[in-house]
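**Student:** These protein sequences, in sequence, are chains Z and X.
The opening position of the first sequence corresponds to residue 110 in the numbering used here, with each subsequent residue numbered one higher.
The opening position of the second sequence corresponds to residue 110 in the numbering used here, with each subsequent residue numbered one higher.
Take these hints with a grain of salt, some might be off.
Heads up, the list lumps identical chains together, so a pair's fine if it works in one copy or across two of them.
What the hints assert, rightly or not - Lysine to any residue pairs mimicking SDA-like chemistry, simulated, CA-CA at most 25 Å apart:
(1) K173 to V185
(2) K173 to E133
(3) K173 to A215
(4) K221 to A140
(5) K173 to T127
(6) K121 to L111
(7) K173 to E183
(8) K121 to P184
(9) K121 to E133
(10) K121 to A195
(11) K121 to M151
(12) K121 to V162
(13) K112 to G209
(14) K121 to V211
(15) K173 to T161
(16) K112 to R176
(17) K121 to G175
(18) K112 to L200
(19) K121 to S152
(20) K121 to T179
Simulated from the structure, these hints should not be mistaken for lab results.
Protein chains: 2
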Amino acid sequence: MLKYQPVDEVFKALGDPTRRDLVERLSGGPATVSQLARPLDMSLSAVVQHLTVLESCGVVRSEKVGRSRTCRLEPVGLRLAEDWFAGQRALWDRRLDRLGEVLAAATLEERK
Amino acid sequence: MLKYQPVDEVFKALGDPTRRDLVERLSGGPATVSQLARPLDMSLSAVVQHLTVLESCGVVRSEKVGRSRTCRLEPVGLRLAEDWFAGQRALWDRRLDRLGEVLAAATLEERK
C-alpha cells in the first residue's frame, strides 16, 4: 500500500458538493460561519462539521472574534491538490509532444 | 444539501495514494492491469478494485483484448476536477486584482 499523503484529505474533502460550495464562496473573501450557513439548506452544526473537515486538511482556517467565527481560505491546502493536477498536465503534455514528434517523423519518412 | 455532481466521485477517487499512483503511471501511456499491479505491494484483486473506482468515475477506461485488460486515461474525467481548480484560480486572481486596485487607489489617495 502506498503511504498516506496530506493531499489525500484535500481530495476527499473536495469530493462533497457542499464543501466545494463553501470553498467557492470563500474564494470571494472571508465570511463568518453564519454567513456561510445562510444559503445552505442544512443545520448550522452540519455546516460547522463541513468546515471542520476543510480546516483539518488545511484548506480553510478560522478565527473566533467575540461571538462569531470568521473563515478564510488557506491557499496552501488547495495548492497541494492543484499542484498534483499541474504535474499530471505536464506529464500529458510531454506525452503529446512525444506523440507529435513520432507523427512528424512518420510523415517525414513517408515523404522520402 | 447540495446536489451530487459527477466531479464528487472524481475527487473522492483521487483521495487515495494508490489510485493517484495508477493515474500518474497511466499519464505516461496505456498499461495492462498486470503491468500496473507489478510494482504495487497489494493483491491483483485490490488493484482491480482501485481501477474499477477510477473507471466508474470516468478517469480511466479499459478494454479486454484476449486474456489481458489494457487501461488508459480518459481525459474527460480528470478534466472535470481540473476545471474546478481553474475556476477557483480565476476567482482568486480576480480577488487579488481587486485587492491590487484597492491598494493602488489607497496609495494614490495617500500621495494627494
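**Student:** Taking 25 Å as the upper bound on the Cα-Cα distance, should K112 and G209 be classified as within, between, both, or neither?
**Tutor:** Neither, since 35 Å and 41 Å both go past 25 Å.
**Student:** Have a look at K121 and S152 and pick one of within, between, both or neither, based on CA distance no larger than 25 Å.
**Tutor:** Cα proximity of K121 and S152: in one copy and across copies (22 Å, 24 Å).
**Student:** For the identical chains here, do K121 and L111 meet the 25 Å Cα criterion within one copy, between copies, both, or neither?
**Tutor:** Classified as both; 16 Å inside a copy, 16 Å across copies.
**Student:** Classify it for me, K173 with V185: is the Cα-Cα distance of at most 25 Å met within a copy, between copies, both or neither?
**Tutor:** Within one copy only: 21 Å inside a chain, 41 Å across chains, cut-off 25 Å.
**Student:** Please sort K112 with L200 into within, between, both or neither, judging by C-alpha distance up to 25 Å.
**Tutor:** within (22 Å within a copy, 33 Å between copies)
**Student:** Could you figure out if K121 and P184 sit no more than 25 Å apart (CA to CA) within one copy, between two copies, both or neither?
**Tutor:** both (17 Å within a copy, 20 Å between copies)
**Student:** When no copy is named, should K173 and T127 be tagged within, between, both, or neither for a Cα gap of at most 25 Å?
**Tutor:** within (22 Å within a copy, 38 Å between copies)
**Student:** Classify it for me, K121 with A195: is the Cα-Cα distance of at most 25 Å met within a copy, between copies, both or neither?
**Tutor:** both (18 Å within a copy, 18 Å between copies)
**Student:** How would you classify K121 and G175 at a CA-CA limit of 25 Å: within, between, both, or neither?
**Tutor:** neither (32 Å within a copy, 36 Å between copies)
**Student:** Within, between, both or neither: how does the pair K173, A215 come out at a Cα-Cα threshold of 25 Å?
**Tutor:** neither (64 Å within a copy, 28 Å between copies)
**Student:** Checking K121 and M151: alpha-carbon separation at most 25 Å within a copy, between copies, both or neither?
**Tutor:** both (20 Å within a copy, 22 Å between copies)
**Student:** Could you place K121 and V162 in one of the four classes (within, between, both, neither) given a Cα distance threshold of 25 Å?
**Tutor:** both (9 Å within a copy, 14 Å between copies)
Comparing the model with each numbered hint stated earlier shows that hints 3, 4, 13, 14, 16, 17 do not hold.
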